[in-house]
Amino acid sequence: DVKVTQSSRYLVKRTGEKVFLECVQDMDHENMFWYRQDPGLGLRLIYFSYDVKMKEKGDIPEGYSVSREKKERFSLILESASTNQTSMYLCASHASGGAGAGGELFFGEGSRLTVL
Amino acid sequence: AQSVTQPDIHITVSEGASLELRCNYSYGATPYLFWYVQSPGQGLQLLLKYFSGDTLVQGIKGFEAEFKRSQSSFNLRKPSVHWSDAAEYFCAVLFMEYGNKLVFGAGTILRVKS
Chain X
54 DVKVTQSSRY LVKRTGEKVF LECVQDMDHE NMFWYRQDPG LGLRLIYFSY DVKMKEKGDI
114 PEGYSVSREK KERFSLILES ASTNQTSMYL CASHASGGAG AGGELFFGEG SRLTVL
Chain Y
929 AQSVTQPDIH ITVSEGASLE LRCNYSYGAT PYLFWYVQSP GQGLQLLLKY FSGDTLVQGI
989 KGFEAEFKRS QSSFNLRKPS VHWSDAAEYF CAVLFMEYGN KLVFGAGTIL RVKS
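Protein chains in written order, with our numbering: chain X, 54 to 169; chain Y, 929 to 1042.
Just so you know, these hints were derived from the structure itself, not from any lab.
We treat Cβ as the ideally placed atom computed from N, Cα and C, and that holds for glycine.
Among the hints, a few may not be true.
In silico DSSO-like cross-links for lysine-lysine, where the CA-CA straight-line distance does not exceed 27 Å [as the list claims (entries may be wrong)]:
hint : chain 1 : residue 1 : chain 2 : residue 2
1    : X       : Lys71     : X       : Lys108
2    : X       : Lys66     : X       : Lys108
3    : X       : Lys66     : X       : Lys110
4    : X       : Lys56     : Y       : Lys977
5    : X       : Lys108    : Y       : Lys977
6    : X       : Lys108    : X       : Lys124
7    : Y       : Lys989    : X       : Lys124
8    : Y       : Lys977    : X       : Lys110
9    : X       : Lys123    : X       : Lys110
10   : X       : Lys124    : X       : Lys71
11   : X       : Lys110    : X       : Lys71
12   : Y       : Lys989    : Y       : Lys977
13   : Y       : Lys989    : X       : Lys56
14   : X       : Lys123    : X       : Lys56
15   : X       : Lys124    : X       : Lys110
Computed Cβ-Cβ distance ranges for the label pairs, DEER-style [said to hold, decoys possible]:
hint : chain 1 : residue 1 : chain 2 : residue 2 : range
16   : Y       : Lys1041   : X       : Lys124    : 45 to 53 Å
17   : X       : Asp79     : Y       : Arg1005   : 30 to 38 Å
18   : Y       : Ile988    : X       : Met80     : 18 to 26 Å
19   : X       : Gly69     : Y       : Ala945    : 37 to 45 Å
20   : X       : Glu132    : Y       : Asp982    : 28 to 36 Å
21   : X       : Gly93     : Y       : Lys1041   : 19 to 27 Å
Using the sequences and the hints, build the whole thing.
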């Protein structure tokens, strides 16, 4: 069964702490994404990566960074957590390819981060 | 810039009535298009997707969507809504010329009244 695994379901951190959110996929997908989901705002793209060591800013990258050292792992880093980063974080992956290649996005279960 | 717009934040329909949820995107080429549904406290479930070919696509749970290139739209429809369809619906667009950037709309919350 294909899987995207996020290491932590629930985290509570203090303002100023460094936070790592890990995401691992077992489908050999090229593309991986980090979103945050907030009520009324939908899913907003933070960063995405289409290959190892490649990263692209999404729509709301401020306050975040990412790391993709291996194809299966995509990490989201909050260098200094702030209360406005309290949110649900979703990791996703999908395969590359031309038309008809599939393209379905597979999501992890989410990591709910609370910053106090 | 690439963008996805779901103009309706909330929609309320009666059980058994028809449903149409709107989605518009801003992009020069034909993107890949998706609709997802999320029930309260649950993860995202793919309803349907469009890549090419027939512009009317069928999905799960009796949903369908129609791609209209001239209107840059991909509206989701269901002929008869069931109470269990109450959820939040997200349109998503894959912009392939931007490194496979997948962007979601803000979502539409569907309420079903009996």
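Just pull the numbers of the violated hints for me, sorted ascending. Numbers 7, 19, 20 - these are the hints that the structure violates, sorted from lowest upward.
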